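> As a plain string of letters, each chain reads:
Number of protein chains: 2
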Amino acid sequence: MTLDNFSVVLVEPKYDGNIGSVARIMKNFGFSRLVLVNPPKLGKEARAMAMHGRDIMENAVKLKSFKQLEGRFDFLVATSSVTATDKNYLRTPILPEHLSRTLEVKGNIALIFGREDIGLSNEEIESCDLLLNIPSNPEYPTLNLSHSVGILLYELSKGIWTGRLKKKKKFQELSGVEKKVLLEKFNALVDLAQKKDFDRRLAKKTFRQIISRAFISSGEASTMIGIMRKAGDAIRRNKDKASKQ
Amino acid sequence: MTLDNFSVVLVEPKYDGNIGSVARIMKNFGFSRLVLVNPPKLGKEARAMAMHGRDIMENAVKLKSFKQLEGRFDFLVATSSVTATDKNYLRTPILPEHLSRTLEVKGNIALIFGREDIGLSNEEIESCDLLLNIPSNPEYPTLNLSHSVGILLYELSKGIWTGRLKKKKKFQELSGVEKKVLLEKFNALVDLAQKKDFDRRLAKKTFRQIISRAFISSGEASTMIGIMRKAGDAIRRNKDKASKQ
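Here the protein sequences come in this chain order: F and H. Using this note's numbering, you'd call the opening residue of the first sequence number 1 and step up by one each time. Using this note's numbering, you'd call the opening residue of the second sequence number 1 and step up by one each time.
Hints may be right or wrong, so weigh each one.
Which copy is meant is left open, because identical chains are indistinguishable; a pair holds if it fits in one copy or across any two.
Quick list of in silico lysine-lysine cross-link-like pairs, DSS-like style, CA-CA up to 27 Å [to be verified]: (1) Lys-179 - Lys-204; (2) Lys-41 - Lys-64; (3) Lys-195 - Lys-179; (4) Lys-180 - Lys-196; (5) Lys-14 - Lys-204; (6) Lys-196 - Lys-64; (7) Lys-44 - Lys-239.
Hints are computed from structural coordinates only; laboratory data are not their basis. Bear in mind that the values here come from a model prediction, so they are computed numbers and not experimental data.
Build out the structure end to end from the sequences listed, making use of the hints.
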C-alpha cells in the first residue's frame, strides 16, 4: 500500500480557506487524493492557503452527498473530536497511530472529516467502518479542520518519511563496532585521568548510558572517538615526556 | 514534568492569523505558555482564529529579539523543515517522537518556530540546544506555521490524553548552570587535545547535541564534569612538568 490508497474526504466544509490548508498539508505529507462533499466555491482564500498544494485542490473529486461515498472505498474512516463515551456510541474510537497499521493492508481508504461546526452526523458516523479520535484536551477538543487532517496524515506517513531519512543516512545510528570503540576510547581516558576505582566505574557507566539515550549517529561517534583519542594521547605523551626528562 | 514546562515560541511571525491558530491548537492539546518574538499587531484575524485559545494569545509574553530567549529556558529546541544534509553538518535533527522523552525530565523547554517564509536563521539555530525536524515529503517540506506547532504538540501530549502516560519516577534534570559548566569543561579539554579549529568546533557542537538529546540528569552531569576536569588537569599538569624539567 502507498499513500495513494488514502483519500481525504471533507464533508460540507464551510470555509474555502480550510480546503486550501488541507490541500497544502496533504502535499506536505505526500497525499494527493482529495474528495469534497458539497463544498463551497473555491475562491481567492482557498488558493492563497493551498500554496504548492493547489494542484491537489484543483483535481479534487466533488460529490453532491455523503451517500455517494458508499461503494467508492473499501474502508470508510470517520473522524470525530467527540469520543464514544461522550455520545454513547456503541463503538470505541481508534487512535491515529492505530490507523497506520492499515499501511500494511490493501484497499482504498477514505479519511472522512466533518463540518467545521458540527462535525459528522450520527447517521454518517454509523455508516462508516471505523471511528477515529485525535487525543486532545477534553476541555476543548475541537481542532481546526485542517489541523485534524494534518495530524492524521503526519501519523500515517511519518514511518515513510523517516524511513527515507534513514536511507539518506541522516539518522544512521552508530554500529555496534563504533559504539564499542567509542566506549573503549572513553574508558581509556577515564583510566588515565581518574585513579579511584569507584569513580572510574561510575564515569564509564554514566557515559555509556548517555550515549545510549542520545541515539547518536555514526558521524557523531566518529567525532567523539577522535577527541577521546586525542585527549588520551595528550595525557600519555606528556607523561612520557615528563618521565624521560 | 507537566505540559506547563513547555513554551511555544514564535519568532517574528508575519501573519496574526497564524498566531491565533497556534493559540487555538495549544488550547486543544493543553499547553498554555506562548512567547512571541517581535510579533505583528494582533487584530481581528488573530482573534477569529484563536477561538477558545484567545486567553493564551492575550497572555503571551512578548520579546523584542531572539537574544532575549537566552537565560529564560533550560532547553532551546529549534524547529526546521530543512534537514542536516540539505544545509550543513552542524544540524542533526531529532524527531517529534524523540522529544516526548522530555516529559520524563524537569526544566523549562522552549519549542521555537521560525518565520513563515524563511524559518530560523542559521545563527538562531546554532544558539539552540536541539534541532527538531517534522518528517515530511522532501518535495514540499514547508508546513504552515500552525500545522508545525500542532503536530509537535500532538506528539508531545498524546500519551497524556490517551491516558497511557503513567506517572513515572522522575529524575532531576541538570540545571542550566550545570549544563554550562559541563560544556565548559568539555570545551576546555577539546582545546587542550585538539589543535585544528574546525575539528574543535565540530567536537564542541557534537558534544552539546549529544548531551541535549540524552536529557542527562544532574548526577550524570556531575560525574561527567568530574572526569572532564580530571582529564584536563592531567594534560595540563604533565605539560607543566614537561616544560619545567
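> Starting from the hint list further up, note which numbers the structure goes against and sort them upward.
Failing hints, ascending: 5, 6, 7.
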